[in-house]
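Student: Work out the full structure, taking the sequences as your base and the hints as a guide.
Protein chains in written order, with our numbering: chain L, -15 to 372; chain Y, 235 to 530.
Note that these hints are calculated values from the structure, not bench results. Where is the CB? At the ideal position from N, CA and C, for every residue including glycine. If a hint is listed, it holds; no wrong ones were tucked in.
Calculated cross-link-like contacts (lysine to any residue; reagent style SDA-like; alpha-carbon spacing at most 20 Å):
1) Lys362/L <-> Gly347/L
2) Lys319/Y <-> Ala(-5)/L
3) Lys319/Y <-> Thr0/L
What follows is a set of in silico ranges between Cβ atoms, one per label pair, in the way DEER data are often shown:
4) Gln169/L <-> Ser337/Y: 25 to 35 Å
5) Gln267/L <-> Asp395/Y: 26 to 36 Å
6) Val217/L <-> Val242/Y: 56 to 66 Å
7) Ser337/Y <-> Ser272/L: 36 to 46 Å
8) Ser337/Y <-> Leu299/L: 51 to 61 Å
9) Asp5/L <-> Ser519/Y: 46 to 56 Å
10) Ser481/Y <-> Arg364/L: 53 to 63 Å
11) Asp395/Y <-> Val217/L: 50 to 60 Å
12) Gln422/Y <-> Ile9/L: 43 to 53 Å
13) Val242/Y <-> Arg4/L: 38 to 48 Å
14) Ala337/L <-> Val397/Y: 57 to 67 Å
15) Gly253/Y <-> Gln267/L: 33 to 43 Å
16) Gln345/Y <-> Ser272/L: 43 to 53 Å
17) Val242/Y <-> Leu299/L: 50 to 60 Å
Stretch by stretch, here's where chain L covers chain Y in the computed footprint (C-beta under 8 Å, at least three residues):
18) 297 to 311
19) 314 to 326
20) 331 to 345
Letter by letter, the chains look like this.
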Amino acid sequence: MSAAGQVRLVARREITTRVRDKGFIISSLVIVLLVVGVMIFQLVAGGRTSTTSIGVVGGNPSVETALQQAGEASGTAVTVTELPDEAAARQAVADGDVDGAVLDPTGDSPQLLVESSGSVDDVVRSAVGALSVGAQLAAQGVDLQPAPTVSVTELDPSDDDTGPAVVVALVGVVVLYGLLILFGQFVAQGVVEEKSSRVVELLLSTMKPWQLLAGKILGLGVLGLAQMVLIAVVGVTGALALGVVSVPGQLIGTVLVVIGWFLVGYAFYASVFAAAASLVSRQEDLGSVLTPTTLLLVVGFFISIQAGQDPGSGLATVTSFVPGLTPLVMPVRMAAGDVPLWQVLLAVAIMAAAIALVVRVGGRVYAGALLRTGGKTKLREALRAERA
Amino acid sequence: MLEFDGLVKTYGENRVLEGVSFAVAPGQMFGFCGSNGAGKTTTMRIAMGLARADAGQVRWRGAPLDDAGRQRIGYMPEERGLYPKMKVADQLTYFARLHGATSADADRAVQEWTGRLGLADKRGERVEKLSLGNQQRVQLAAALVSGPEVLILDEPFSGLDPVGVDSLADALLERCRAGVPVVFSSHQLDLVERLCDAVGILARGRIVASGTVPELRQREGGRQLRVVVPDAGPGWAGAVPGVRVVSEQRGDTVLELDPATDDQAVLAAALRTGRVTHFARREPSLVELFREAVAA
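Tutor: Structure, rendered in structure tokens:
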């Protein structure tokens, strides 16, 4: 059996073992549900698609049009309900059927009934104002022509509305962060399982440590990528169906960027986790060796959240070049659209160099520590250990 | 021929192996004996590429063992280890495939060996659910399912009940007859004596004695006599020159003779005391040979 064939066998075992594991299936479903939940939350909380319902007593079609136009101007979709009289209007407002009710909108003393003052006031005021101006001009015999349409010319297209893309990137980074932690843990647990059960000696009698490590990381990586893609498909489909995002191209582009950074991040973190895990022989000791790396992930996660609010900040810019933080921060900056290509390429190059280093040193630690059972192996010992 | 040639291994200040050499022919069962910590496991791990020798090499069919060669060896480590959560058949198939067996061959071998080792009804069970004895059988099956050209087994009999010992011994003898060289280490010297064509005793980092058990007997303690003379008084044999009394109990005497001493002189001395009911060359057991070799 060739070296590559053995790597493939190891990878296949990792995949088949995981997909038969109930815990894995449940955690996968939970993540997908979380993404759907985030989208629904976005839909409910997002101000861009808010609606306002206004009751009207004694109105006409032009009142309805005026209210809707005024609503559009202040970023809310207005639905108008005809109400028979003031009593019905008071009832509807009290019951919360409408956000406000206008009495006699075209008369001399229009009145607005609301639970308490809010955004409805402005909509109604400007609608009533517009109706009144229209009526007065008509009374003076002025024939109103529709206002000319303003054509928009974008001088700097990158300044377009990147808000939705940043939101998508942030959701993507949340998923990426979760999957890096999850699959990093899988790699680490797998390494310790082989060490604590001592099966590693049997495995290493047929192959080299690097083959075992490569197979494990590749197998779980394929699984992680599959899960990432599944979430992306669910997310993109859901986002388009629910109308959370209106520009499909921008959405898909951002999702692809996040998937790309997931692969880069996984290669980095899986190698570090595997090397760290090889130092211990019991699952109980895993926490202590993984904590430093997990902390790096958490720091990157919080910086990326901050970058979502202020993508141009110095912190975001600097940390998007720090190995380990890059995969979390860069997608958000890229979604915000103010990253020159050379910066992206530089970040990729730095990460690639970091991965090469981590694979090399991590592989040495792994090979040196793998057959040392009992207690915790010191990093220095593992690096110095003979490798058969 | 499986050859261990001049293996030297040092761990820090501790010289574990100081030139271990022996050879195992195809179809030969080689018992590897030695006190705890003598270096048996280290020797086997060097052969399996799990430790690196400072000097010396292990050869199979004249070529130094490399990764490809090791895939054709069935190995049972002293530290038993299997995937606890993997099912028996899945696990054995995996190990067979890692040794290069095709999927079909692996399946067939797993069926065969689980049947022969009494694991037929355990194929679908997770290893962690099995009794220790059955786990041991799975471990052995893992060494056998790839149809190896060579077997290297570190303490394969420890932890087995007598029935398990018999089925393992049968399996090893069968492989041996098929032309596979088998090396196994054991502290159960009676078992080694019963099964092995050749024995090597490791002490102080070297093979201090090796060969067939009859050869060892001749070399080490071939000049012992057991004489039973019921009517003789104590010390009857002490008078014969070149004879040392090993033990004496109511006329049942074990004597050790200098190479030059004629055993017929001893018989004559015995007859002078009266009736002789037993006079024979005494075959020392492997245990005694081992003690002597290790103590020397």
